[in-house]
Amino acid sequence: MPLLFMSSLLSLSPMAGAAELPLTIAGDFVVRVGPGEVEVNGKRVGVLAAVDLQVAPPEVVTVTDEAHGRLPVFNDKAAPWTKGTKLRGATTLETTAADMLVPDSVRVKLAKDDGEALEPDKDYGIDRRWGTVGRLEGGRIGDATPVYVDYQYGVCRLDSVVVDAAGKVSLLAGKSHVNVPWPPEVPAGQKRVANVWIPGRLSKLAEANLFPVQAEAYPEPPQQHPTPAERLLPKSLAKLRSGEKLTILAWGDSVTVGTFVPDWEHNRWQEQFVARLQERFPKADIELTTVAWGGRNTQSFLDEPPGSQYNYKEQVLARKPDLIVSEFVNDASLNPAGVEQMYSQRLADFNQRGAEWAILTPHYVRPDWMGLPSERDCDNDPRPYVKGLREFAATHNVALADASLRWGHLWRQGLPYTTLLLNAINHPDQRGMKLFADALLALFP
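Note that this note's numbering numbers the sequence shown so that position 222 is 243, with each residue one more than the last.
Bear in mind the hints are in silico, worked out from the structure with no lab data behind them.
Where a beta carbon is used, it is the ideal one built from N, C-alpha and C, also for glycine.
Check each hint, because a few of them may be wrong.
[Claimed, not checked] Simulated DEER-style distance windows between Cβ atoms:
1) Ala138 / Pro78: 25 to 33 Å
2) Lys334 / Ala209: 53 to 61 Å
3) Asp324 / Gln373: 14 to 22 Å
[As the list claims (entries may be wrong)] Under the rule of at most 30 Å between Cα atoms (straight-line distance), these lysine-lysine pairs were calculated in the DSS-like manner:
4) Lys196 / Lys107
5) Lys455 / Lys266
6) Lys196 / Lys266
7) Lys408 / Lys196
8) Lys64 / Lys189
9) Lys225 / Lys212
10) Lys455 / Lys304
11) Lys341 / Lys266
12) Lys256 / Lys455
13) Lys334 / Lys256
14) Lys256 / Lys341
15) Lys212 / Lys196
16) Lys341 / Lys304
17) Lys98 / Lys64
18) Lys189 / Lys266
19) Lys304 / Lys266
20) Lys256 / Lys64
21) Lys143 / Lys107
22) Lys143 / Lys133
23) Lys225 / Lys256
24) Lys64 / Lys212
25) Lys212 / Lys408
26) Lys455 / Lys408
27) Lys341 / Lys455
28) Lys266 / Lys256
29) Lys189 / Lys256
30) Lys212 / Lys107
31) Lys256 / Lys212
32) Lys130 / Lys143
33) Lys107 / Lys130
34) Lys189 / Lys130
35) Lys408 / Lys334
36) Lys107 / Lys133
Throw the hints in and build the complete structure from the sequences for me.
Rendered as structure tokens:
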């Protein structure tokens, strides 16, 4: 059978000059590396001959007799991860991971072991893509009937291609996870040159699974003089430098709620931002307040009546913060004209009260929600909302912390960006939260 060859080139750091190390698909689960050169520990190392690395297919986990004390009625009109009970193997931090369930593997029973299988679409409904199950009215599953479920699901993995000081090429296997696998630790003396992305139900490798490490981190541009904070946030910057109390309001949606992140008191974007501001300005006296509402957008706050914990005038404006930092990925339905209308009104409100404003551009969410065909070659955010934010900030001289650029660069760092989404949809882990803080810190001298 002929082998399919697809090629990607590892573009090394500027220190490595023009050296390239070819990376190709040489079989269903075979990656061919080299020949070429790479820099390891500051020295140029040659990979003199091509090396074929066998990549393990994704692990498929078999679950037998998963017990569920009761099933809710299947709701085919709900969000797919809420249509019914979540199968535990496919469950993420809050939702389920799409496309991890092996669709035809599901067997719902009234008894353990080899009990009689109930009938889909008659006794129970199922979303085979998202891994949720619920009973159907008129079927054999009652409101309080326990059931047992057999099924299979795939788990994801990031493997790393590494080269040592002698030019030896190896593959390090990562640890599998249903949606947020981390790349493996690289031993001292070796260099990670690429990651291989193995989604949970991958049938064979393609070029889209190869993530050459083109950069170790986001390339910070040369600092502007004056800096954005000196031009656009002068009052906040003056308080940071003088030690006068600076009040910061983090305003946003569920990403700003952020309590889904482990150790959220330290790892939410706003806490990371304030902690690093404090390091940069040791005299600073910073008071942080968070006003955030999961599943909502800017308009939601405007629509809330007086007395509501989310009323815009009472919970945002009346607090009279020195600096408002807003994050609203849930405003992504706005086009540039909508951004201009919605955000210019907010700017007028803030200016009237003497508050300065920094806007965060949003992180990347599920590729199919963004119209992205791949997690590679995704530097440019295609969402009209992001275009609108950039235009608004430039037109109105508002500070813009462009986190979207950093998310779009992750593929160049060898990372499929979805591996930073704890719920496999739109909730970043602590690494993703750091990208927001990075973008905000870049505004300051």
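Violations among the numbered hints: 6, 7, 17, 18, 20, 23, 25, 29, 30, 31, 34
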